[in-house]
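One letter stands for each residue in the lines below.
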Amino acid sequence: MSDVVSAPAVSGGVSRSFLRDARGLQRKLVEEYYGAFASVDQPRRPVAYMLVGGNLTEILRSFGYDVVFPEIVALNCAIKHQSLENILHAESLGYGLDVCGYVKNDLGLQDLGGKTSFGQIPRPDLLVCSFSGCYVYVKWWEALAESYGAPLFMFDVPYMREETPRQEDIAYLVSQLWELVHLLEKRTGRAFDMNELKRVLAESRRAEDGWVEFLRAGRLRPSPIEAYFESIFYMFPINVLRGTPGAADFYDVVNEEVRARVRDGNYPLPEEKFRVLVEGVPPYTNYRTFWDFFRKWGAVSVVATYPKVGGLFDRGFRHDPSRPFESIAEYSLGAYVNQSWPLRRKIIADYVKEYQADAVIIHGIKSCRSFTAGQGDLRDWLIHDQGVPTLYIESDHQDPRYFAPAQIKNRMDAFFESLEQRRAVAAAAGAAPG
Amino acid sequence: MPELLKIGSWAGDLPDGEAPAGIEISPDFREFTEAESVERIVHLAQEVLADPTFPTVRAWRTAGGKAIGCFPVYTPQELVHSFAMMPVAIQGGGENLEISRADAALGSFLCSISKSTLEMALTGLLDPFDGFVFPYICDVSRNLDGIFTRVLPQRPSHMLHLPQNFTSPATIPFLVAEYRSLIEKLERVAGRPFSPEDLRASLEVFNEQRALVDRLVVLKRDAPWKVTLVEYYLLLRLGGLLPREVHIPLLRRAIAELEGRERKNKDAIRVIVLGPFCEQPTLELLQLIEDVGCYVVGDELQMLHRWCPRIEPGTDPLESLATSYVRTPVDIGVRSTPTTKAAAILARVDAAKAQGVLFLTAKFCEPALEDVVLYRRALEGRGLPYLHMEFEEKSTTYEQARLQLETFAESILFE
Amino acid sequence: MITGGLDLGAGVIKGVLLEDGRRLLATASAPSRGIPVQAARHVLDTLGETANIAPDDIDYLCTTGFGRYAIPERNLQVSDFTSSARGAVFLFPKTRLVVDVGTQASRTMSISETGKVLKFKMNEKCAAGAGRFVERCSKYLQVPLEEMGPKALASERPKLISSVCAVLAETEIINNVAEGVPLADILMGVFLSLSQRAHSLMRYVGIQPEVTLVGGLVRNVGMVKALHDTIGMDLNVAPDAYYAAALGSAVLGHARLQKLTTAPQGVGG
Amino acid sequence: MTAVVAGVDIGSTTAKCVVLGEDSRILGKSLSVVGVDIVKDAERALEAALADAHLSRPEVSFITGTGYGRYKVYFGQLVVTEISCHARGANFLFPGTRLVVDIGGQDTKAIRIDDKGEVVDFAMNDKCAAGTGRFLDVCANALGYDVGEIGPLSLQARRAVKVTSTCTVFAESEVTSYVSRGKDPKDILAGLHASIANRTLSLMQRVGVEPEVTFTGGVSQNEGMVHALHRRLGVPVNVSPLSQYLGALGAALHGRERLSGGAA
Ligand SMILES: Nc1ncnc2c1ncn2[C@@H]1O[C@H](COP(=O)(O)OP(=O)(O)O)[C@@H](O)[C@H]1O
Ligand SMILES: Nc1ncnc2c1ncn2[C@@H]1O[C@H](COP(=O)(O)OP(=O)(O)O)[C@@H](O)[C@H]1O
Ligand code: SF4
Ligand code: SF4
Ligand code: SF4
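Same order as they appear, the protein sequences are chains A, B, C and D.
My numbering numbers the first residue of the first sequence as 5 and each following residue consecutively.
My numbering numbers the first residue of the second sequence as 3 and each following residue consecutively.
My numbering numbers the first residue of the third sequence as 3 and each following residue consecutively.
My numbering numbers the first residue of the fourth sequence as 88 and each following residue consecutively.
For the record, the hints were derived by calculation from the structure and aren't laboratory data.
The structure presented is a predicted model; accordingly, all values stated were derived computationally and were not measured.
Heads up, a few of these hints could be off.
[Claimed, not checked] What follows is a set of in silico ranges between Cβ atoms, one per label pair, in the way DEER data are often shown: (1) Arg49(A) with Ala225(B): 53 to 63 Å; (2) Gly235(D) with Lys119(A): 52 to 62 Å; (3) Asn54(C) with Lys355(B): 44 to 54 Å; (4) Gly234(C) with Asp25(A): 40 to 50 Å; (5) Arg263(B) with Tyr71(C): 27 to 37 Å; (6) Glu212(C) with Asp352(B): 30 to 40 Å; (7) Asp58(C) with Ala225(B): 39 to 49 Å; (8) Glu259(B) with Arg127(A): 49 to 59 Å.
Glycine included, every Cβ here is placed at the ideal spot set by N, Cα and C.
One chain only, chain A, in its complex shape (with noise of 0.2 Å):
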C-alpha cells in the first residue's frame, strides 16, 4: 500500500507514551483480582455473582463477598480470543444462534469447569441478580441458579422513563435493599455494619470523582484521552473494585498521567482530526482491529456511552455515605441500559454538545437488543433532527463470526471520507470571497 496516497494522512499510531502507566496498573489490578480467587484457602470468602449495570457491590463488600462479574470475566475472554470457543460449547448445550454472546460466553465456560487463561472463576455462594435495564438478566441468573443450585436474589429496578425516580421508586428499591441485608446476615452470620457500608460508600464516592475526572478529560481540545477504546481498560475498577481504596487510587493515577499528557503534547494521535462520540457495546474480540479503522483517520473518540453502562456518574449521580441505602437505589436507577430512549437520546444529545463531537459512531449489537433495539432509530434522530453525522455499523461483542473486517471498514472509510470532503467544501466556500 505504500505508494498509494489514501486520501487522509495514515497517522503514525499512537504515540508511544499513552495507554502506558495507568494501563500498567491496570493490568495489575486485573491479575491481582481474578489471582486471589485461586489463591484462597479452603474454606475460601463466600462469592457472589452480580451484574454491572445496577450492581450491589458495596453492600456485598461489607459483609466480606468476593464478587465476581460474569459480564466482565466474557469480556476478558473475547479480548483474549477466548469467548468463540465457550460460545460454540453453550451452543452446543441448546443456547440458539441468536442469544446474547456474554450469555452464552460465560454458561459455555461454567459448563467447561471456568477455566480461563487467567484464572479459575469460583463458583457463586449468593446469585445477586440486579435487573437493571436489561431483561437477558433475568434469564441469565435464572440460568446459573438452575445449574449452581445457589440462591438467587432478584433485585428489581425499575425502568427509567422520567429523569427522576418517583418516591415509589426507591421505597421499592430500598425495601429490597433491606431484604438482600437480611438474606447476607443470614448466610453470613454477620451483623449488618452500617458504619462499615459508609466507609465502602465513601472509598466509592472517591473512585468516582476520580473516574468522572478522566471522563471529563475528553472536553479538552485536542482530548489527551481515548473515551471509549481507552475507556474499556479503565471501566475494571470502577465498576469491580469499586469501594475498595485500590479503585480509588488508580484514579489518581490515572488523572496524574492525563495531566502529563496534556503537559506533554501526548495525545491519543499527533492530530485530532475527528472527535467522535461513540455509542454501544464494544466489539471485544477485535476492539483492535476497530481501534485502528478510527486512527486511520485521525478520529478520537471524546465521550461514548457504553463506559455508563455501570452508572452515570459523569451526570452528577455519587454514592452518597450519609444516605446510604436511597444512593444506592439511585445507583442501581442510573445504568445507562435502564434509561429509556427518550432519555437516552437526551443523553447523546448533551454529550456532543459538552464534548463538541464532530460525529457520532454507533455500534449496533447482533445479540444485544437491550442497546441495539432501537439504536437505527435514534440514527436517524441524530442527523434529521440533530443534524450531527451519524454512522451506523454491526458486529458482535462476543462473537467473532459477526466481525466482518472489511465491510466495518469500507463504511467507516466511506464515513470519514465524506466527512472530510464536507469540511473540505465547507473551508472552501468560507475562504472563497461571496
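For this one, chain A is given, so just place chains B, C and D with the ligands on it according to the hints.
Relative to chain A, chains B, C and D with the ligands alone:
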C-alpha cells in the same frame, strides 16, 4: 390483500354478555354476534386477521369508542376496559404486511412482531388507536415504547415496568404505583376519572372470558380431536380483537358446538407447544403441526387471556390486579419463574399427558430461546422427546418445518 | 420381496433396490437439475436395468428427501432423518450418531440400536454449512468436485473461513487466493469450516460412538479427514453410505410391507 | 499538462475502468470479470480502457482506485471508497440526483448526496448477501437463465410469486421448489425482483427517499429491477447505460479534483 370486512348496520339488544356503563357495542359487530357456527366464526376470524387495517377497531371507533393497543402479555387490559375503552391485542402484522421501514429503525436481529408493530406505526396502520401500552416483557418490547414516543408523538404510549421480585412485600405496592402512572395517562385519553367500581366490573367481565378460555383449553387437552389447533387458535385470537362483550357470547356458542362434536380420535401423538407466548406463528404452521400427526394438547398461544386463572376483585380492585400478576401460578418465559424450569416443564407434560414437547420459538425471541435449554435438560432427564424450531410471522415455504415435524412424529411413532 | 428406496435430494436423486430387506441389489443416482420427477424415473429405470428387474417387480416403493411427495406411485414417504438413520444402521449396525452433509443442509441425529431417531438437528438458518457451498467453491477455484478432497489432503496449514455467509465466504476465499494461500490449505480450510459447523450440530444431539457419515460428502476424502480431525474420533465411512437415505427408506419400506402382508390392516402413521 | 485521469473500480464481481479527458469527456472504458488475481485484474482493466481510448499509460496523469479491491490498485495515486465515487458519478451524469442506489455484485447501498455530489448519509445492506446482484445471479442460475435475460422476463409476469427467503442460498431452494410446484419462471422472477426492490427500499428509507433517484451498479442494467424499484418507490429512477461505470467515473472525477486542487 383480501377485501375489507363488510360490516352491515344493525340495531338491537345484545343477546348475551352485558356491556358496562359507557360502552356501546357498535352495530357493526353484527356478523360476530350473529355467527352461529364455528365454521363461520373461523371464517370471520381469518378475514379479520388478513386485514392489517384493524377492521374491528375501526368499527368500534365509528360508534365513538376509543381504543388502546396492548402489546402482549401482561398488559392489564381490565384497566383500559374500565374506562370504557377497547383494549386491543397488538400481535404483529401478519403475513400480508411488508416490512420496509421498521428494519432500519429497530435493527436487524429482532423478532418479527416488534418489527411489524413498528412498521404499522410508521405506515399509519395504527391510526385507529388512541394510545399504546408496552409491558416490560423483554428489552425489545420495552424499547419499542421509547421509539413510539418519537414516531407517534400525538398518541400516548406507556411502558409498564413489570416487577420481577415476587417475594418482597414492597412489590405489590410498587406495581399498584405503576398502574397508577398508566391510569393517569388513560384518564387523559378517556377524558374521565378512574373508578374502582368500574374496574371491579371489568375484572368480572375478564374473569368470564378467562373461564371460557379455560374451558376451551381443557377441551383441547382432553379431546383434541374435537377442535383443530387452527380453530382453537382463531377462537382465542378473536378475543383480543373484539370487544369482550362480543367475544364472550361468541366463544360460549363455539365451545358448546365443539364439545358436542363427534369426530374420530386419530392415532396421533400428544405434544405440547411451548414458546409462542408473544409473537404468533402462522396459521399454516399451526395446521402443519397437526397435519404431520400431532395433537397439540397444551400450548402457550394467546397467553394474554390466560396469564392468571382468575382475578378476585376484592376490596381494592387495583391491588387485586397487581396481586394477580405477582402471585400467578402460570409460568411463561417472560416472567422470572419462582419455580424451577425443570419442575415446571415436567409438571406441564404430566398434566397434559404429553408424549413430546415442541419448542416453537419466534426467531430472535431471546427469552424463549434461553428457556429452551433448561427445559431441554429436564426432558432429557426423563427421556422425553422434544423438537426445537423457530418461526417468523412471514414465511411461504414450510419444507424445512415439515421435514422436522415429520421426523419428530416418526421418531415417536416408529419403533 | 423387492423394495425400492428413492431419495429425492435437493441436488441429486439417489435410488436403491433391496431384496428381502437384506440384500442390496442395485444403486443409482442422477442429478435432479430442477426436474426431480424425471430424474427419479431415470434412476428407477437404471436400477431396474442393473438388477435386471421390471418396474412391476418392485413390490413397495418408499421415498424420502426434499421431493418425497413428488412421486405419485410411492407407497410410503418418510423424512430424511428417519431414512438416513435406518440406512446408517443397515450399513453399520453399531451406529449411534449419523452425520449427513447434503446439498442444502447438514443434518445430524442420534439413534437407538434399532435405528430409531432419538434427537436430531439441522442447520436451519444458513446455507453456509452444506454441500452447495463446496460445489460453489469448486466452481470458483476451478477444481472439479471429485478432485477437491484428494487435493486438500496435502494441506499443511489450513486456512479457516471466518464468514458465516456462504456467499460472503466465497469472497473471502477469493481474497485468500489473491494473497497466495496454497490451494490445498484453502480447500482444507473449507472442509474444516464445514466440519466445525457439523460438529456443533453433533454436539447439540450428543456425540457417542459409533459415528457414521452418510450423504454426498462421504465421497469427499478431504471432508472425511476434516470431520475426523474435528471430532477426534473414528468415523464409519463406506461408498454405499452415499445412498444411506435411499437405503434406509427401502429398509423401512420392507418393514412396512411385511407388516401389511402379515396383518391385514395397517396402523396409522 | 494534459489532464487525462482514470478511475479503476474493483468490485466484488467486476472491474471497471473509465478514462476521462479534459472537459471530463469519457475517452475510454472497460468492464471485465474479477478473478482470483485482483492486482492483475486491476491492471488489465486499466489497459483495456486505455486501449479503448487509444492512449498509452504515460499519458494518464492521475489514477484513482475504488471498490472492494481499491487497495489492490497499486499503480494508483489515490483511493476513495465506492460510496463517494458513486455519489460523484451520479451527480456528474444526473446533476439533480439526491439519492443514489447502487446495487452491485455483493452489496447494496443507498447514498444521499447534496447538490455538489458530496455524500450526506449512506446505508448498506448489513447481514448477508441477500438482495444483491449475487442473489439475482444465483437465482438466475437456478432457473437456468443468464443474468441478462431475467430482467426482461420478469416484466412478462402475470402474477408475481411471493419470495420470502432472506438468504441467498435458501432463496435458490425456494425458487427450485416453486419450479417443482409448476410455477411460471416469469412469475417467480417477478417475485424475486419485487423482493429485492422491497429490501432496497428499506435501505433507501434509512437515509431518506428524495427525488431524484439515480440507480447505479451492475444491477441497474437489469430492466426488471429498474421497473420493480420504480413501482415500489412511486418516483422515476434515473438509469443510463453508463450506470455500471459510475463508480469508476466518480473515481476519475475525484482524481481530477485532487489534481486541480493541488495539495488537498
Ligand atoms: N464425487 C464427489 N466428490 C466430492 N463431493 C461430492 C461428490 N459427489 C457429491 N458430492 C457432494 O455431495 C453433495 C450432494 O450431496 P447429496 O447427499 O447428494 O445431497 P442431497 O441429497 O441434498 O441432494 C454435493 O453438494 C457435493 O458437495
Ligand atoms: N446486463 C446485465 N443485466 C442484468 N444484470 C447485470 C447485467 N450486468 C451485470 N449485472 C448484475 O450486476 C452485478 C455486478 O454488479 P457490479 O456493480 O459490477 O458489481 P461489483 O461492483 O460489486 O463488482 C452482477 O451480479 C449482475 O447480477
Ligand atoms: S445488556 Fe446486552 S450485552 Fe449486556 S447482558 Fe444484556 S443483552 Fe447481553
Ligand atoms: S417475541 Fe419475544 S423478543 Fe419479541 S417482543 Fe415478544 S417476547 Fe420480546
Ligand atoms: S449469511 Fe449468507 S448464507 Fe447465511 S443466510 Fe445470509 S445470505 Fe444466506
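Quiz item: Is 27 to 37 Å a correct range for the gap between the Cβ atoms of Arg263(B) and Tyr71(C)?
Solution: Holds, at about 30 Å.
Practice problem: Hint says 39 to 49 Å; check whether the CB-CB distance for Asp58(C) and Ala225(B) agrees. | Solution: 45 Å Cβ-Cβ, so the 39 to 49 Å window holds.
Quiz item: If you check the beta carbons of Arg49(A) and Ala225(B), does the distance land in 53 to 63 Å?
Solution: Check passed, 59 Å falls within 53 to 63 Å.
Practice problem: Please test the hint of 49 to 59 Å on the beta carbon pair from Glu259(B) and Arg127(A). | Solution: holds, 57 Å
Quiz item: Could one say that the CB atoms of Gly234(C) and Asp25(A) fall in the range 40 to 50 Å?
Solution: holds, 45 Å
Exercise. Take a look at whether the Cβ-Cβ distance between Glu212(C) and Asp352(B) falls inside 30 to 40 Å.
Key: Given range 30 to 40 Å: holds, Cβ gap about 35 Å.
Quiz item: If you check the beta carbons of Gly235(D) and Lys119(A), does the distance land in 52 to 62 Å?
Solution: Between Gly235(D) and Lys119(A), where Cβ atoms are some 58 Å apart, the hint holds.
Quiz item: Between Asn54(C) and Lys355(B), is the Cβ distance one that fits in 44 to 54 Å?
Solution: The hinted range 44 to 54 Å holds for Asn54(C) and Lys355(B), with Cβ atoms some 52 Å apart.
The structure shown violates none of the earlier numbered hints.
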